[in-house]
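Visitor: Here's the letter readout for the chains.
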Amino acid sequence: AQSVTQLDSQVPVFEEAPVELRCNYSSSVSVYLFWYVQYPNQGLQLLLKYLSGSTLVESINGFEAEFNKSQTSFHLRKPSVHISDTAEYFCAVSDRAGGGNKLTFGTGTQLKVEL
Amino acid sequence: KAGVTQTPRYLIKTRGQQVTLSCSPISGHRSVSWYQQTPGQGLQFLFEYFSETQRNKGNFPGRFSGRQFSNSRSEMNVSTLELGDSALYLCASSRDNSYEQYFGPGTRLTVT
Chain B
1 AQSVTQLDSQ VPVFEEAPVE LRCNYSSSVS VYLFWYVQYP NQGLQLLLKY LSGSTLVESI
61 NGFEAEFNKS QTSFHLRKPS VHISDTAEYF CAVSDRAGGG NKLTFGTGTQ LKVEL
Chain D
1 KAGVTQTPRY LIKTRGQQVT LSCSPISGHR SVSWYQQTPG QGLQFLFEYF SETQRNKGNF
61 PGRFSGRQFS NSRSEMNVST LELGDSALYL CASSRDNSYE QYFGPGTRLT VT
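Chains B and D are the protein sequences, given in the same order.
With the working numbering applied, the first sequence corresponds to residues 1 to 115, in that order.
With the working numbering applied, the second sequence corresponds to residues 1 to 112, in that order.
These are calculated hints, taken from the structure and not from any lab test.
It is possible that some hints are incorrect.
No farther apart than 30 Å at their CA atoms in a straight line, the calculated lysine-lysine pairs in the BS3-like style are these [what the hints assert, rightly or not]:
id	chain 1	residue 1	chain 2	residue 2
1	B	Lys49	B	Lys112
2	B	Lys69	B	Lys112
3	B	Lys49	D	Lys13
4	D	Lys57	D	Lys1
5	D	Lys57	D	Lys13
6	B	Lys49	B	Lys69
7	B	Lys69	D	Lys57
8	B	Lys49	D	Lys57
One side only, chain B facing chain D, incomplete, derived with CB under 8 Å [stated by the list, open to error]:
id	residue
9	Leu44
10	Leu46
11	Lys49
12	Phe90
13	Leu103
14	Phe105
15	Lys112
Computed beta-carbon distance windows for the label pairs [what the hints assert, rightly or not]:
id	chain 1	residue 1	chain 2	residue 2	range
16	B	Ser9	D	Phe60	21 to 27 Å
17	D	Leu11	B	Pro18	28 to 34 Å
18	B	His82	D	Thr110	30 to 36 Å
Quick reminder that beta carbons are idealized off the backbone N, C-alpha and C, glycines included.
Next up, chain B with everything else stripped away, as it sits in the complex (with noise of 0.2 Å):
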């Protein structure tokens, strides 16, 4: 069974400002990696996500998030954030070996971002 921790429920930053959201996860097999972003009243985007290869992925809107195995890490991190960024990130992970499509999500960061 795999379960994946997001520690921070909210984080407020003030614009151009950087931020780091926490994503921790746990398995006893290999998984495949994903942040989604879901903004009011709408479906998830996938924002980013980690398959192999390297361990650092950019999305084209200036997030990125790097996979430390060691750590059984994927923390999604932005230099210099935008009000428009303001949405709820999900982190997920997806078991490599089980065959089909099933996401097992953290709890979600609400991402405040304040003028």
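Using the hints provided, position chain D relative to the given structure of chain B.
Guide: Positioned in the frame of chain B, the structure of chain D alone reads:
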């Protein structure tokens, strides 16, 4: 390419009734998964269908069921609704052999 669509977007039902939600995946995607999102339990996996067969199942009671049609469209049904079934139900689709899931906007179900 059109995204994942879900109908209806909003639904109000009475306790004890049943409800059917519909999901149309992205064209060419054969895997459809369903998730329930509530403030208390967060995002929880319900089940996944691939080529009209249930491939994965979460830990929900038998009142929750689903099916998939030959065109990959999927429906989920909840019978004997309870107040606790009030939630946002999200559908996601993915291509064969891909772990990237694309989500629809969800159906907001309110049980009174």
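Visitor: For each hint, tell me whether it holds in the structure or not.
Guide: Do the hints match the structure? See the list:
1. B:Lys49 with B:Lys112: holds (23 Å)
2. B:Lys69 with B:Lys112: With a Cα-Cα distance of about 29 Å, the restraint between Lys69 (chain B) and Lys112 (chain B) holds, given a limit of 30 Å.
3. B:Lys49 with D:Lys13: Distance of about 37 Å is beyond 30 Å: violated.
4. D:Lys57 with D:Lys1: holds (29 Å)
5. D:Lys57 with D:Lys13: holds (25 Å)
6. B:Lys49 with B:Lys69: Within the cut-off at roughly 15 Å; holds.
7. B:Lys69 with D:Lys57: Answer holds: Lys69 (chain B) to Lys57 (chain D) is near 28 Å, not above 30 Å.
8. B:Lys49 with D:Lys57: holds (23 Å)
9. Leu44: This interface hint holds because 4 Å falls under the 8 Å limit.
10. Leu46: holds (6 Å)
11. Lys49: Where the cut-off is 8 Å and the nearest Cβ of chain D is about 6 Å from Lys49 (chain B), the hint holds.
12. Phe90: It holds, given that the least Cβ distance between Phe90 (chain B) and chain D is near 7 Å, below 8 Å.
13. Leu103: holds (6 Å)
14. Phe105: It holds, given that the least Cβ distance between Phe105 (chain B) and chain D is near 4 Å, below 8 Å.
15. Lys112: violated (17 Å)
16. B:Ser9 with D:Phe60: 21 to 27 Å: holds (25 Å)
17. D:Leu11 with B:Pro18: 28 to 34 Å: Between Leu11 (chain D) and Pro18 (chain B), where Cβ atoms are some 41 Å apart, the hint is violated.
18. B:His82 with D:Thr110: 30 to 36 Å: holds (33 Å)
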